[in-house]
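Undergrad: Here are the chains, one letter per residue:
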Amino acid sequence: MAVGFEYPDLSVAAIRAGLAAHDFSAREVAQAAIARVDALDPQVHAFLEPTPELALAAAERIDAALAGTDAHNAADASAAATHNTALDSLGPLAGVPIAFKDNMNQLGTHTTCASLMLKDYTAPFSATCVERAIAGGGLPLGKLNMDEFAFGSSTETSAFGRTYNPWDLERVPGGSSGGSAASVAAGMVTVALGSDTGGSIRQPASFCGVVGMKPTYGVVSRYGVVAFGSSLDQVGPFGRTVADIAATLDAISGRDLRDCTSQEVTTCFTDYLERGVAGMRIGIVSALTDAPGIELEIVTATHQAVKRLESLGAHIVEVELPNAAAALAAYYVIGPCEAFSNLSRFDSVRYGYREPDAADLGEQYEQSRAHGFGPETIRRIMLGSYLLSSGVYDTYYYPAQQVRTLITQDYQRAFEQVDALITPVSPRTAFRFGEIADPTSMYLSDIFTIPINIAGNGGLSLPVGLGETSGLPVGVQIIGPQFSDENIIQVAAALEATYDIRRRAPLEAGIHASIEDRLGTPLKAPTQASAEGGRQ
Amino acid sequence: MKGLKTVLQDWEAVIGLEVHVELTTLNTKMFCACPISYGDDPNTHTCPVCLGMPGALPVPNRAAIESIVLAGLATGCSIQKRSMFYRKNYFYPDMSKNFQTTQGPIAFCMHGAIDLEIPHTAATVPRAGMPERDAYTAHIGITRIHLEEDAGKTVHVGGTDGRISGATYSLLDYNRCGTPLIELVTEPDLRTPEEARLFLQKLRQVFLTLGISDCSMEQGSLRCDGNVSLRRYGAAQFGTKTELKNMNSFKNLHDGLTFEICRQAEVLEEGDAVRQETRHWEPAAKRTITMRVKETADDYRLFPEPDLAPYDLSDEFIEAVRARLPELPDAKKRRYVSTCGLPTSDAAALAGDVELSRFFDEALTAQPALAKPIANLLLNEVSAWLNAHSVEGLTLVSGKVTPAALAELAKLTADGTISSHQGKEVFALMAATGDTPARIVEERGMKQVSDAGAIEQIVSDILAANPQKVEEYRSGKTGLRGFFVGQAMKATQGQGNPQLINEIITKKLEG
Numbered sequence: 001m002a003v004g005f006e007y008p009d010l011s012v013a014a015i016r017a018g019l020a021a022h023d024f025s026a027r028e029v030a031q032a033a034i035a036r037v038d039a040l041d042p043q044v045h046a047f048l049e050p051t052p053e054l055a056l057a058a059a060e061r062i063d064a065a066l067a068g069t070d071a072h073n074a075a076d077a078s079a080a081a082t083h084n085t086a087l088d089s090l091g092p093l094a095g096v097p098i099a100f101k102d103n104m105n106q107l108g109t110h111t112t113c114a115s116l117m118l119k120d121y122t123a124p125f126s127a128t129c130v131e132r133a134i135a136g137g138g139l140p141l142g143k144l145n146m147d148e149f150a151f152g153s154s155t156e157t158s159a160f161g162r163t164y165n166p167w168d169l170e171r172v173p174g175g176s177s178g179g180s181a182a183s184v185a186a187g188m189v190t191v192a193l194g195s196d197t198g199g200s201i202r203q204p205a206s207f208c209g210v211v212g213m214k215p216t217y218g219v220v221s222r223y224g225v226v227a228f229g230s231s232l233d234q235v236g237p238f239g240r241t242v243a244d245i246a247a248t249l250d251a252i253s254g255r256d257l258r259d260c261t262s263q264e265v266t267t268c269f270t271d272y273l274e275r276g277v278a279g280m281r282i283g284i285v286s287a288l289t290d291a292p293g294i295e296l297e298i299v300t301a302t303h304q305a306v307k308r309l310e311s312l313g314a315h316i317v318e319v320e321l322p323n324a325a326a327a328l329a330a331y332y333v334i335g336p337c338e339a340f341s342n343l344s345r346f347d348s349v350r351y352g353y354r355e356p357d358a359a360d361l362g363e364q365y366e367q368s369r370a371h372g373f374g375p376e377t378i379r380r381i382m383l384g385s386y387l388l389s390s391g392v393y394d395t396y397y398y399p400a401q402q403v404r405t406l407i408t409q410d411y412q413r414a415f416e417q418v419d420a421l422i423t424p425v426s427p428r429t430a431f432r433f434g435e436i437a438d439p440t441s442m443y444l445s446d447i448f449t450i451p452i453n454i455a456g457n458g459g460l461s462l463p464v465g466l467g468e469t470s471g472l473p474v475g476v477q478i479i480g481p482q483f484s485d486e487n488i489i490q491v492a493a494a495l496e497a498t499y500d501i502r503r504r505a506p507l508e509a510g511i512h513a514s515i516e517d518r519l520g521t522p523l524k525a526p527t528q529a530s531a532e533g534g535r536q
Numbered sequence: 001m002k003g004l005k006t007v008l009q010d011w012e013a014v015i016g017l018e019v020h021v022e023l024t025t026l027n028t029k030m031f032c033a034c035p036i037s038y039g040d041d042p043n044t045h046t047c048p049v050c051l052g053m054p055g056a057l058p059v060p061n062r063a064a065i066e067s068i069v070l071a072g073l074a075t076g077c078s079i080q081k082r083s084m085f086y087r088k089n090y091f092y093p094d095m096s097k098n099f100q101t102t103q104g105p106i107a108f109c110m111h112g113a114i115d116l117e118i119p120h121t122a123a124t125v126p127r128a129g130m131p132e133r134d135a136y137t138a139h140i141g142i143t144r145i146h147l148e149e150d151a152g153k154t155v156h157v158g159g160t161d162g163r164i165s166g167a168t169y170s171l172l173d174y175n176r177c178g179t180p181l182i183e184l185v186t187e188p189d190l191r192t193p194e195e196a197r198l199f200l201q202k203l204r205q206v207f208l209t210l211g212i213s214d215c216s217m218e219q220g221s222l223r224c225d226g227n228v229s230l231r232r233y234g235a236a237q238f239g240t241k242t243e244l245k246n247m248n249s250f251k252n253l254h255d256g257l258t259f260e261i262c263r264q265a266e267v268l269e270e271g272d273a274v275r276q277e278t279r280h281w282e283p284a285a286k287r288t289i290t291m292r293v294k295e296t297a298d299d300y301r302l303f304p305e306p307d308l309a310p311y312d313l314s315d316e317f318i319e320a321v322r323a324r325l326p327e328l329p330d331a332k333k334r335r336y337v338s339t340c341g342l343p344t345s346d347a348a349a350l351a352g353d354v355e356l357s358r359f360f361d362e363a364l365t366a367q368p369a370l371a372k373p374i375a376n377l378l379l380n381e382v383s384a385w386l387n388a389h390s391v392e393g394l395t396l397v398s399g400k401v402t403p404a405a406l407a408e409l410a411k412l413t414a415d416g417t418i419s420s421h422q423g424k425e426v427f428a429l430m431a432a433t434g435d436t437p438a439r440i441v442e443e444r445g446m447k448q449v450s451d452a453g454a455i456e457q458i459v460s461d462i463l464a465a466n467p468q469k470v471e472e473y474r475s476g477k478t479g480l481r482g483f484f485v486g487q488a489m490k491a492t493q494g495q496g497n498p499q500l501i502n503e504i505i506t507k508k509l510e511g
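Heads up: the protein sequence lines correspond to chains A and B, in order. So the first sequence is numbered by the working numbering: it starts at 1 and just counts up by one. So the second sequence is numbered by the working numbering: it starts at 1 and just counts up by one.
To be clear, the hints were calculated from the coordinates, so they are not data collected in a lab. Bear in mind the structure is a predicted one, so any value in this text is a computation, not a measurement.
Only pairs whose alpha carbons sit at most 30 Å apart, straight line, appear in this in silico DSS-like list of lysine-lysine:
no.: 1; chain 1: B; residue 1: K153; chain 2: A; residue 2: K119
no.: 2; chain 1: B; residue 1: K202; chain 2: B; residue 2: K5
no.: 3; chain 1: A; residue 1: K119; chain 2: B; residue 2: K88
no.: 4; chain 1: B; residue 1: K251; chain 2: B; residue 2: K241
no.: 5; chain 1: B; residue 1: K241; chain 2: B; residue 2: K88
no.: 6; chain 1: B; residue 1: K5; chain 2: B; residue 2: K241
Model the full assembly from the supplied sequences, consistent with the hints where possible.
TA: This is how it looks when you write it as structure tokens:
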């Protein structure tokens, strides 16, 4: 198809400008996105369920609205200006291709959470973030792959096959929102939504060289997003630029009466893109970058980013987070406890995978859950079930909550001294499939991101180029005070402007077509095949 | 098996109650906007939230929290400003999320009490140390009242007695799932089945007065379990308790506890130990049977509900709820005695029934000076009539007599317009037709004849017509007096003032 524009690199602002100038229609944008997904997703496998018809329908609504305004103002000299007003009324994501992590309910699609348990589950309603993204003008391109129920850091635990890192198809995209990161990095969609419980937006964003942000807990409604850890989960955007992130956040943030943990947010994040960092106080935590196990190229990239901020006029302040080291332990108590309880509803009674030959209700529960859930999900459920049992609760859950309070206080104290913090996102760049087989090592890859979920603050992963050793994308993390997520946008946008780097993976259709047998039927995912070998 | 009275001479019964009350008067469920309703088609009042669909989140019902704070204030509880919801995790298909949202160690209402007046009659067995036939007051502690959500209903088809064993399949109705429920737990302060019955009745009247529930034991919106144990008088330790279920009426509560106390006494007196278990009261067989034996405590893995922030109730909120507290039965009773001058027993009877007292208060507004006649009408005529018609489920509210009409009737009797005898007749007509007393009296010409001259003439005529009976009366057959009165009433078509007729007959026969 001949298109008069270069789709894969289009930004939210460029789409807006193009629609305003009649350079292209929303339908043409949708068609370009659909073609790009068709061409590249066979290699990347970011999508579990593409929804081209929904994207086209949304595009047509936008084009019709714009045409209506045009006709109405045909004789008006200020027609162009009015056209912009019409765009404004269409929302901050007018005509922007977007896709959603498959733990988000979207009417008319499946919500599988990349689990056999929910393979055939159809969403009976839409999540608030999905609703707002579409109401804000987004063109919904489909549902994205993830680690099963968001348990994982590589998207390898998906029951429906792995997602491939568009920068190197032999490597993981990170996780759990691996499909979200990969779809944006490959230029299939402009922005995507993910969820982050311990780093599940920021780590895959850094692995795939895109921007990913977990806002402060409460900025985006969790209603309709299948819960993993209710007190830790937060929805956030992926994009290739900070500006695209800000626009998406403008569309999805704010109080939702259906989620009583959501908060009133009136900030227009787009207003903070060009304010610079001169005079801002930015904190660094030496203990973090000096930690063992962190790759040198990550340390180097972080130091360089700090220097750039300093040269932009920011004051760099050393701060301490004395309890941050305990965050991982607290996280692996609180997270599994909440997950255990949240996943109890998957009992095969009214929906979901059901073992056909169970003799009674107890057996139906046991067998359906044993076979419907993958090994990592079962591990988390068993862990939570144990940690909450009587006698054990007081030893783990209660102290974990106390530790959580201490860590939250650490960050509160730090943000009395600084306006933002900068740290690494992940101790290393994207690893190869199967390279990290031991669960504990996998858990350790989230040591820089987990404390932020424990404290509830917002954090953003900003790509700062390729690692000098690995040649793979490296990200730095910008963290803000609670409910001052505009600080994060402000710092990230200023820092981003100092890098002249590739924003999209160098992947084109056909080039890597022969790499792997990745197009097998979804249920024969490599990770599942070995785990389920006994019953096939 | 020994009787209760004998058993309680040797054993002290220790009883605690767990009372569940559905907040049926609220419009919506505990965590979603589905309406609360009963008897509708299955699964017609459900949504993603109460069905526990993946991704759905709870939003607490503010009115339910106001209701429980009302309940706490009315039962002397201290209202906990800081409390939170917990998740109680267990698998059962009628609990859509496989956890129940309830409260943890700190409930909204803690440490309350109700003073229970036990009006003694020969039929009841008093607690030890209390003199028989005397009234006494029992102080019953309330451990806590917490807020939680109800489960749905499971209907097992094909088995016996609706039990799951032997059933071919089970049906689920989630209409009730998520209905707000308060659970009140008493201290083990009750000592007799009669105290337990009166406690539950009083609690019901308090909650009905608050308007937080319809408290129907038949429909299950008021449910009560009992914990019972025995010990020797003076013993510090409690005995092993059993938990008693299926006591779905006040009578069943009384009878079930009575049986269980006597059963435990027999077990203990035979040298055996009471087994800690849940027992089921069978009203037809008049016995309790083992339901399940608890060998280990259930592990519900209770932990704070992460989807709901801890509560921080403000003083303003609590005071606003306090300002809504209606006059409670105890205060009503005091007012009826001190302001209305009613005898204590009448005051207690009126104040102890939310419908009667509401009706009484409204009637009193119309005729403030006629408290006693109105009370008499309510406690005699009205109560008798209601009892006679109770099979049809008629209540004061659904009846045809308004408080103002009853007050009017009281006035007509009090000022002598009609006789008290006529009053009964008028009330029956009011209840049947809904007409006002004035209209009934007028239409039927039911004026009391209090004209002494007219009555004297009538009496003279009767005496003249019956010389033989007059002679018999005067020679000592005074039983004939009724004959003369009856004749006089007949002659006045029932409208003669009975008092006046009596006086005149006496005067003429004996004067």
